[in-house]
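Colleague: Spelled out, the chains give:
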Amino acid sequence: MPSTILQTRTPKRVTITLNRPQSRNALNRQMLRELCDAFQTLEADPDCSVVVLEGKAGFFCTGMDFEEFAADPAQAAVGAAEGELDSTYMTLLKAIAASSKVVVSVVAGQVLAGGVGLVAASDLVIATPPSTFGLPEALWGLLPACVTPFLIRRVGFHPAYKLALTTQNITAEEACRIGLVDAVQEAPEEILRRYLLRLSRLDTATIATLKSYFRAMWILDDRMERAAVEEINRLSRSPRVQDNIRNYQVHRKFPWEI
Amino acid sequence: MPSTILQTRTPKRVTITLNRPQSRNALNRQMLRELCDAFQTLEADPDCSVVVLEGKAGFFCTGMDFEEFAADPAQAAVGAAEGELDSTYMTLLKAIAASSKVVVSVVAGQVLAGGVGLVAASDLVIATPPSTFGLPEALWGLLPACVTPFLIRRVGFHPAYKLALTTQNITAEEACRIGLVDAVQEAPEEILRRYLLRLSRLDTATIATLKSYFRAMWILDDRMERAAVEEINRLSRSPRVQDNIRNYQVHRKFPWEI
Amino acid sequence: MPSTILQTRTPKRVTITLNRPQSRNALNRQMLRELCDAFQTLEADPDCSVVVLEGKAGFFCTGMDFEEFAADPAQAAVGAAEGELDSTYMTLLKAIAASSKVVVSVVAGQVLAGGVGLVAASDLVIATPPSTFGLPEALWGLLPACVTPFLIRRVGFHPAYKLALTTQNITAEEACRIGLVDAVQEAPEEILRRYLLRLSRLDTATIATLKSYFRAMWILDDRMERAAVEEINRLSRSPRVQDNIRNYQVHRKFPWEI
Numbered sequence: 138m139p140s141t142i143l144q145t146r147t148p149k150r151v152t153i154t155l156n157r158p159q160s161r162n163a164l165n166r167q168m169l170r171e172l173c174d175a176f177q178t179l180e181a182d183p184d185c186s187v188v189v190l191e192g193k194a195g196f197f198c199t200g201m202d203f204e205e206f207a208a209d210p211a212q213a214a215v216g217a218a219e220g221e222l223d224s225t226y227m228t229l230l231k232a233i234a235a236s237s238k239v240v241v242s243v244v245a246g247q248v249l250a251g252g253v254g255l256v257a258a259s260d261l262v263i264a265t266p267p268s269t270f271g272l273p274e275a276l277w278g279l280l281p282a283c284v285t286p287f288l289i290r291r292v293g294f295h296p297a298y299k300l301a302l303t304t305q306n307i308t309a310e311e312a313c314r315i316g317l318v319d320a321v322q323e324a325p326e327e328i329l330r331r332y333l334l335r336l337s338r339l340d341t342a343t344i345a346t347l348k349s350y351f352r353a354m355w356i357l358d359d360r361m362e363r364a365a366v367e368e369i370n371r372l373s374r375s376p377r378v379q380d381n382i383r384n385y386q387v388h389r390k391f392p393w394e395i
Numbered sequence: 138m139p140s141t142i143l144q145t146r147t148p149k150r151v152t153i154t155l156n157r158p159q160s161r162n163a164l165n166r167q168m169l170r171e172l173c174d175a176f177q178t179l180e181a182d183p184d185c186s187v188v189v190l191e192g193k194a195g196f197f198c199t200g201m202d203f204e205e206f207a208a209d210p211a212q213a214a215v216g217a218a219e220g221e222l223d224s225t226y227m228t229l230l231k232a233i234a235a236s237s238k239v240v241v242s243v244v245a246g247q248v249l250a251g252g253v254g255l256v257a258a259s260d261l262v263i264a265t266p267p268s269t270f271g272l273p274e275a276l277w278g279l280l281p282a283c284v285t286p287f288l289i290r291r292v293g294f295h296p297a298y299k300l301a302l303t304t305q306n307i308t309a310e311e312a313c314r315i316g317l318v319d320a321v322q323e324a325p326e327e328i329l330r331r332y333l334l335r336l337s338r339l340d341t342a343t344i345a346t347l348k349s350y351f352r353a354m355w356i357l358d359d360r361m362e363r364a365a366v367e368e369i370n371r372l373s374r375s376p377r378v379q380d381n382i383r384n385y386q387v388h389r390k391f392p393w394e395i
Numbered sequence: 138m139p140s141t142i143l144q145t146r147t148p149k150r151v152t153i154t155l156n157r158p159q160s161r162n163a164l165n166r167q168m169l170r171e172l173c174d175a176f177q178t179l180e181a182d183p184d185c186s187v188v189v190l191e192g193k194a195g196f197f198c199t200g201m202d203f204e205e206f207a208a209d210p211a212q213a214a215v216g217a218a219e220g221e222l223d224s225t226y227m228t229l230l231k232a233i234a235a236s237s238k239v240v241v242s243v244v245a246g247q248v249l250a251g252g253v254g255l256v257a258a259s260d261l262v263i264a265t266p267p268s269t270f271g272l273p274e275a276l277w278g279l280l281p282a283c284v285t286p287f288l289i290r291r292v293g294f295h296p297a298y299k300l301a302l303t304t305q306n307i308t309a310e311e312a313c314r315i316g317l318v319d320a321v322q323e324a325p326e327e328i329l330r331r332y333l334l335r336l337s338r339l340d341t342a343t344i345a346t347l348k349s350y351f352r353a354m355w356i357l358d359d360r361m362e363r364a365a366v367e368e369i370n371r372l373s374r375s376p377r378v379q380d381n382i383r384n385y386q387v388h389r390k391f392p393w394e395i
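Protein chains in written order, with the numbering used here: chain W, 138 to 395; chain R, 138 to 395; chain P, 138 to 395.
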């Protein structure tokens, strides 16, 4: 099975490219595992101080893979019961947020659902002007359960809640205004280089200490992360949610059209 | 006694209009009870998915009714001791914040004190450009005790604190900048219709789950709400506060003029 | 030893001017003690309702005094072990944040490291347009440990984290956008006078109650403050940090140049 991600290196910097363009860079189990493995491996790599996360072909990441979920909801449900799918996603968010590398998401295109969590957990986010960000989960009877604590931490309670409630995409400009994005740039490479120049002066031990210290000064903790995994497992096992997603995959019918 | 609120319906939407224009839509006990009853009744109404909250005649809501408070401070103090006045207000804020309906405040005019709490507890807020928002409580020796946790949740700590400390009104534009208001519009109906179109795709069970899940991911909890009620009861029983308000009602003298 | 601060009075207002221009208003032990004493004395002063904090000669405050730290790192480490240096700084931040006076920082110039904490703990902040704000601690292997909980409270998690991670200065305009500064003004005196007019209507008992009530409605508590002091003590005793600062003081070499 070919890898779902690409990795390239320049001195000090590793770029991870999400590479499932045929699925609009949806997160399937393989990609989640490969991303977790990549972050774990990089942790031991002294030559890397910055990890750039990006997507292919107009999509950054569009969240959970509906095809995988619909093809075998029972298995997905069991997977979830065993904590595989969703705890892998939470493990990934935690790996990004606790990494001793600075993780910079470079967004050029659509970001949906779980993709918003990758962005929210990143240290810095640069987006091109046409990029969009949205949380459509509630349309399916789901919640952005794992995304929420990281999103609240980055943008505050109400902007996070509003994204989840309205299910409407926002522009890169709006995402920058609420703090989900740090810079909107046609050519992200330029601002990225400026960040790298500055960040290369920090040693990785200090970065890791900084992250864990700021975590201790905020409300996002292990208990909240467990509650998030339990909630997404509970919801993804719900027959109504499974029907909603299967109907869409098979008949292209949205829940509110039925 | 005629009702202090009006209710009108269009498909899926119930509009509640605060209707005490002679008192600038101040919250007296009757209005608090009627609002609580209205939200409770609507909870069981499957045809309603959005509740619009609005005020009459240039006032959204101007907070606690001073006339009622000054006319019988002993009774007000006893009422507070029994938790009637203020726990009814807190019950209302919680009903709005936990409702399985999307609550949209449409503000056209002045919002003061307890009125700011109604806005802060709402899911979405649209305001006309001349609307203003202020927390004058500290001028009377009071605090916006019940408002505070909901306001902090919506706009963050410092903007909430600054409103309470400076006691100065802010414009709709400024309220939008800090996140108290979601959209500033001359004609709120247009943006309201756009929200409704989108929100009608969510079922009420998902809305209720979303609200309770986001609550679990934030610091506003039962303990904080109880502390808020205790604080406002304590302050409203203070002789100094009672004198301040009675002096104003009887002699039109502000505390700092005495 | 001449005082490191100046105090001047006008009716209702005491202005404290940080006055170590030769050290760019760095915080040495004497200044920390004198500031703590000043706030404690003012607490008992019924004629003062507003304290203005300002710096001399183009610097508001540039954080810990490196000269003092480098001259005797052993003593500094012991001082820290006994909690002297850093707990005095935390005591100062708490005195500002809990004062029954309204503390207004008027910034005209550079604000670095611990200086940002003074600003973050203040009730209101006015800055001239050329002022800048930055947290360079991580460049030295340190963290803005005591600053962080006050900064998060004022601007939210991510803007605080980003300042600490990027170690880059931001302008007054940007500081205002994230909420670290309340107003950017060429002539701060004018807006200061407007604030004073309004604030003089509050009595100090109400101000103190307001501050302690808002504290109870947020996450910054004694436990977090103790954790902050422990962290800065731990880091300042680290040989690597001591070497970094001594190398700079003696050889003008930054850690990343060695």
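Don't read these hints as lab results, they were simulated from the structure.
It cannot be assumed that every hint is accurate.
Once the Cα atoms are required to be at most 30 Å apart in a straight line, the calculated DSBU-like pairs of lysine-lysine come out as [claimed, not checked]:
#, chain 1, residue 1, chain 2, residue 2
1, R, K231, W, K299
2, P, K149, P, K299
3, R, K390, P, K149
4, P, K390, W, K149
5, W, K299, W, K231
6, P, K149, P, K231
Colleague: Confirm or reject each hint.
Modeller: Quick rundown of the hints versus the structure:
Note on K231(R) and K299(W): the hinted pairing holds, with a Cα-Cα distance of about 18 Å set against a maximum of 30 Å. Using a Cα cut-off of 30 Å, the hinted pair K149(P) and K299(P) is violated, with the two alpha carbons roughly 38 Å apart. For the given pair, K390(R) sits about 22 Å from K149(P) by alpha-carbon distance, which is consistent with the 30 Å threshold. Between the alpha carbons of K390(P) and K149(W) the distance comes to roughly 22 Å, so the proposed pair stays at or under 30 Å and holds.
Among the hinted pairs, K299(W) with K231(W) is consistent with the structure: their alpha-carbon atoms are about 24 Å apart, no more than 30 Å. Restraint check: the Cα-Cα separation between K149(P) and K231(P) comes to about 22 Å, which is no more than 30 Å; the hinted pair holds.
Hint compliance for this structure: hint 2 is the single one not met.
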